[in-house]
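Undergrad: Modelling step: build the complete structure from the supplied sequences, incorporating the hints.
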Amino acid sequence: MSYCKSVALRGLYAIILVIVPGVSFAAEELSSGDTAWMLTSTVLVLLMTIPGLALFYGGMVRSKNVLSVLMQCFAITGLISLLWAVYGYSLAFSSGGSFIGGLDKLFLAGVTVDSLQGTIPETVFVAFQMTFAIITPALIVGAFAERMKFSAMLVFMALWLTLVYLPVCYWVWGGGWLGGYGILDFAGGTVVHINAGMAGLAACLVLGPRRGYPQIHMPPNNLGYTVIGASLLWVGWFGFNAGSEVAADGVAGMAMLVTQLATAAAAISWMCMEWLNHGKPSVLGIASGAVAGLVAITPASGSVGPMGAIAIGLASGVICFYTSTRVKRALGYDDSLDVFGIHAIGGIVGALLTGVFSAVSLGGSGLGDGNASIGGQLAAQAIGVGATVIYSFIISFVVLKVLDAVLGLRVADDEEEQGLDLSLHDERGYIL
Amino acid sequence: MKLITAIIKPFKLDEVRDALSELGVQGLTVAEVKGFGRQKGHTELYRGAEYVVDFLPKVKLEIAVSSDSQAAVVEAICNAAQTGKIGDGKIFVSDLQQVVRIRTGETDEQAL
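Those protein sequence lines, which keep their order, are chains A and B. Counting from 0, one number per residue, gives the positions in the first sequence under numbering that gives the first Met the number 0. Counting from 0, one number per residue, gives the positions in the second sequence under numbering that gives the first Met the number 0.
The hints are simulated quantities; they were obtained by calculation from the structure and are not laboratory data. What you are looking at is a predicted structure, and each value in this text was computed from that prediction instead of being measured. It is possible that part of the hints are untrue.
Said to hold, decoys possible - Straight-line distance between alpha carbons at most 27 Å, and here's what the computed DSS-like set of lysine-lysine pairs gives: (1) B/K8 <-> B/K89; (2) B/K33 <-> B/K11; (3) A/K279 <-> B/K33; (4) B/K59 <-> B/K8; (5) B/K59 <-> B/K39; (6) B/K8 <-> A/K279; (7) B/K84 <-> A/K279; (8) B/K89 <-> B/K11; (9) B/K59 <-> B/K33; (10) B/K33 <-> B/K84; (11) B/K1 <-> B/K11; (12) B/K33 <-> B/K1; (13) B/K33 <-> A/K63; (14) A/K279 <-> B/K39.
TA: Structure representation (structure tokens):
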């Protein structure tokens, strides 16, 4: 076309873009609405770790170990951020084979101010996914709380990110082999929760129980912190789930709504289970129930409807109540802060029920690609769950065993007795 | 001189203190302690882990008095601290060998 015409058309285009924000004529233009939301989501998910998870866990350990938990969460945040930038993002999200991504984006090569990932800047996507890579290993802290060496923990986290998180993330979200089954895992039921939960189980088995467990009383030192932490998790999770749409649209809106409903249902159902079983409801119970609901709705948040979310929440609250209390005590392992009982089990419950409640007939927005029936979808979900359970547990277990032989994982008996705050950090959490 | 040690229920402290003031007792020391006698503890529950807590919070008072005041002080504490329920506490009276006021150096009866 003539020069004048093309200028006029570009002018018209510019005017329309100014008047009607978000309208895009070409493939993948930057959407300021999507970008604004994703910038916010990233911040919300970071808040979930620092200080959400840090306080949630910190309040549950004994007072002599409160700082050690905060330190672990903070250190993981710093460490994983750096590793993510250097190689994590590349291996998780750049094109590769079926097992792991490539090295095209090593050191974030090619990620510039203007690079786009869909309708948002790639930098924002890198940061958003970074916060997921941070919170997943941080969740595992709960399984080995009060007895792991800080140095060994740092090494473990670096190895775990590299050998477990990055592959599973790539399999589900980066273009790896789990992508072809039409598995529905919107915000990371497998990648984050089952993954961390199984690693947590491996950790508490390899490290062994805390000295004196279960005879010695080890009550939470500050349930106020725990409730503050759980509240920050609840609020921050809207960034986790609704942000996983990577857009500010209807799906994100529904994700927010179903997240709220599942969490509320699980909090109330755990509270009721406790009331029935022990005669009184507790604040630790209702906070734990809320987290169980948040975990379970994570994979489902992009495809279930409000009533399905309530069902998922009720199921998770009841089931996780049992796995974190009766089952744990019966089997005897010291999963100090119920990483397996809530994150693995809640993740499995949620991932499987996603296959059910995503069906349009049950209020969802539709099953995954290639799955025509709930049965078919359940099978796909089971594949995702099974792959994560097996891979995460085995590799985590092996890494821990090797590290135990090379570095030693546990602190000495007298250090554990004195408390990690003083013995590992020369600090006291409370100077009252 | 006598040293009167009383273990009482914490919420009774203000009442006991007022009763002692009325008698003219001008000073006492208070500590937060834990203990048990015949009063049973309570249970606490954290994620399915039930703990029986035997030790109950109590308040310990120590009052140095002249031998003449002993009976009145003991009676005043008993009346003020009593609820009639198990766990009201106990009073121990022991002989006090010497008392010194640090600021002035006064001793014994002058220091009370």
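Undergrad: It remains to establish, for every hint, whether it holds in the given structure.
TA: Evaluation of the provided hints:
Restraint check for B/K8 and B/K89: the C-alpha separation of about 10 Å stays at or below 27 Å, so the hint holds. For the given pair, B/K33 sits about 15 Å from B/K11 by alpha-carbon distance, which is consistent with the 27 Å threshold. This hinted pair checks out: A/K279 and B/K33 have alpha carbons roughly 25 Å apart, not beyond 27 Å. Only pairs whose Cα atoms come within 27 Å are accepted, and B/K59 paired with B/K8 is accepted, the gap being roughly 9 Å.
Of the pairs offered as hints, the one joining B/K59 and B/K39 holds, with about 19 Å between alpha carbons and a cut-off of 27 Å not exceeded. Of the supplied pair hints, the one linking B/K8 and A/K279 holds, its CA atoms being roughly 26 Å apart against a limit of 27 Å. For the hint linking B/K84 to A/K279, the alpha-carbon distance of about 25 Å falls within 27 Å, and the restraint holds. At roughly 13 Å between alpha-carbon atoms, B/K89 and B/K11 fall within 27 Å of each other, so this suggested pair holds.
Of the supplied pair hints, the one linking B/K59 and B/K33 holds, its CA atoms being roughly 9 Å apart against a limit of 27 Å. Restraint check for B/K33 and B/K84: the C-alpha separation of about 18 Å stays at or below 27 Å, so the hint holds. Simply put, B/K1 and B/K11 have alpha-carbon atoms about 23 Å apart, close enough for the 27 Å limit, and the pair holds. Straight-line distance between C-alpha atoms of B/K33 and B/K1 comes to about 24 Å, which keeps the hinted pair within the 27 Å bound.
Simply put, B/K33 and A/K63 have alpha-carbon atoms about 20 Å apart, close enough for the 27 Å limit, and the pair holds. For the proposed pair A/K279 and B/K39, the alpha carbon gap of about 19 Å is at most 27 Å, so the pair holds.
Hint violations for this structure: none, all hints satisfied.
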